[in-house]
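In order, the protein sequences belong to chains A and B. Quick note: the first sequence uses this note's numbering, first residue 1, plus one each step. Quick note: the second sequence uses this note's numbering, first residue 119, plus one each step.
The hints are simulated quantities; they were obtained by calculation from the structure and are not laboratory data. It is possible that part of the hints are untrue.
Sample of chain A residues facing chain B (criterion: CB under 10 Å; computed from the structure) [said to hold, decoys possible]:
1) G8
2) V11
3) G15
4) W47
5) G49
6) Y80
7) D90
8) Y95
Where is the CB? At the ideal position from N, CA and C, for every residue including glycine.
Here are the chains, one letter per residue:
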Amino acid sequence: QVQLVQSGAEVKKPGASVKVSCKASGYTFTGYDINWVRQATGQGLEWMGWMSPNSGNTGYAQKFQGRVTMTRKTSISTAYMELSSLRSEDTAVYYCARGGSGSWFDPWGQGTLVTVSS
Amino acid sequence: DIQMTQSPSSLSASVGDRVTITCRASQSISSYLNWYQQKPGKAPKVLIYVASSLQSGVPSRFSGSGSGTDFILTISSLQPEDFATYYCQQTYSTPITFGQGTRLEIK
């Protein structure tokens with residue numbers, strides 16, 4: 001079945017970087033965009049950006065420009081989201097999701113909790 | 119950026135009730151509107167895509183309507199498993215944006 005499996009929880013100190021992986025299976029990885037969405041505890045969904053696994057093209061929400069990098073390794077059908085200069089406000093569950101502009105997100109990964117604390 | 123506004127923010131209802139949740143876009147988004155259900159500790163799950171198409175495997179008591187700026191999610195007869203938070207999402211243009219969510223609680 002089509003699924004996205006993310007890497008495990010991370011604890012980081014302020015100022016550090018985190019890299020979350022998202023492994024796709026059950027479909028052609030290069031055929032669909034991958035998006036990243038985050039959710040702070042008790043809060044709503046916030047879109048961070050998208051990446052085309054085929055071309056490597058990316059688009060980021062302005063809020064994260066300069067701090068986020070989305071990449072992929074097609075040989076292992078895996079997408080990555082790296083967020084740098086972490087601060088406490090970045091503590092959230094980070095999701096990857098297949099889909100994109102003009103489409104819908106399905107499926108979603110199970111989520112990765114990133115905790116930023118000194 | 120396109121702002122998505124859902125109402126109500128929270129709602130109490132009983133099993134068997136008919137429930138509607140509305141979503142308004144700050145500008146026309148044609149039919150590029152999706153609805154998601156999220157349960158605590160779980161990832162969101164798509165229910166309705168492009169305003170009115172029912173995702174495979176989703177019960178037919180869920181339906182969506184609307185176009186342009188105003189959209190509605192309807193649950194025709196609430197079941198116990200439907201108590202969750204619902205989000206609308208526009209994918210008409212980037213940045214992709216979500217509504218703030220509607221928390222559906224048991225009365």
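For each hint, the structure was consulted:
| no. | hint | result |
| --- | --- | --- |
| 1 | G8 | 15 Å, violated |
| 2 | V11 | 19 Å, violated |
| 3 | G15 | 26 Å, violated |
| 4 | W47 | 4 Å, holds |
| 5 | G49 | 8 Å, holds |
| 6 | Y80 | 18 Å, violated |
| 7 | D90 | 18 Å, violated |
| 8 | Y95 | 6 Å, holds |
Hints 1, 2, 3, 6, 7 from the list above are not met by this structure, while the remaining hints are.
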